[in-house]
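Q: Sequence:
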Amino acid sequence: MKKTGVIIVGELGGRSEALAKHLVAQTFRICQVDTPKQMAELLDTREWHLALIDCALPGEGAHICTRHIRDRYAQSVAIIMAMRSNRLAERLRAWRWGADVVVANPLNIHEVRLIVRQLSFRLSQASMHTQKSYRRARQDAQMIAGGRTDA
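With my numbering as the guide, the letters of the sequence shown map in order to residues -2 to 148.
In short, the hints are calculated from the structure, not lab data. Model, not experiment: these values are computed from the prediction. We put the beta carbon where it would ideally sit given N, CA and C, even for glycine. Among these hints, one or two may not hold up.
Claimed, not checked - Straight-line C-alpha distance at most 27 Å; calculated DSS-like pairs for lysine-lysine: (1) Lys18 - Lys0; (2) Lys34 - Lys0; (3) Lys(-1) - Lys18.
What the hints assert, rightly or not - Computed beta-carbon distance windows for the label pairs: (4) Lys(-1) - Gly56: 33 to 41 Å; (5) Gln35 - Ser73: 18 to 26 Å; (6) Lys(-1) - Gln72: 14 to 22 Å; (7) Ala22 - Gly56: 27 to 35 Å.
Turn these sequences into a full structure, and let the hints guide you.
A: This is the structure in structure tokens:
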């Protein structure tokens, strides 16, 4: 079974290493990076399923990360945004950028682990559904090409 790949972008209030160790112990494949550029390069090297992004990245780093993921990978990579502020305006901004989930930073590692597990399961189910749809479409096309009209 293929491991779910999780990219951690930023320090996450000093909890990124602890979270990475915890997720690796839970059989996730983890890579930590510090900048949006490193994240973009990593996304192009192999398949990743989730990105956990620290909203405290310098400048517009968090926005650059989410925009890159949504522009290039649409909804195939889930985004979890870690926010130090609990203000509504900040959370709404993360949602507008394309976050799937917004969590408080400093992180509760157990909460994030459960979120990662649930998003991973949902993405795998969507992938299986897509594969079945492609198979059915291919079978339908073969029936039509063969001149069969019965279903």
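Q: Could you run down the list of hints and mark each one as holding or not?
A: Do the hints match the structure? See the list:
1. Lys18 - Lys0: The given pair, whose Cα atoms are some 15 Å apart, holds under the 27 Å limit.
2. Lys34 - Lys0: holds (24 Å)
3. Lys(-1) - Lys18: holds (19 Å)
4. Lys(-1) - Gly56: 33 to 41 Å: Cβ of Lys(-1) to Cβ of Gly56: about 34 Å, so the range 33 to 41 Å holds.
5. Gln35 - Ser73: 18 to 26 Å: holds (20 Å)
6. Lys(-1) - Gln72: 14 to 22 Å: Holds - the Cβ-Cβ distance for Lys(-1) and Gln72, about 19 Å, lies within 14 to 22 Å.
7. Ala22 - Gly56: 27 to 35 Å: About 33 Å separates the Cβ atoms of Ala22 and Gly56, which means 27 to 35 Å holds.
Violated hints for the displayed structure: none, as all numbered hints are satisfied.
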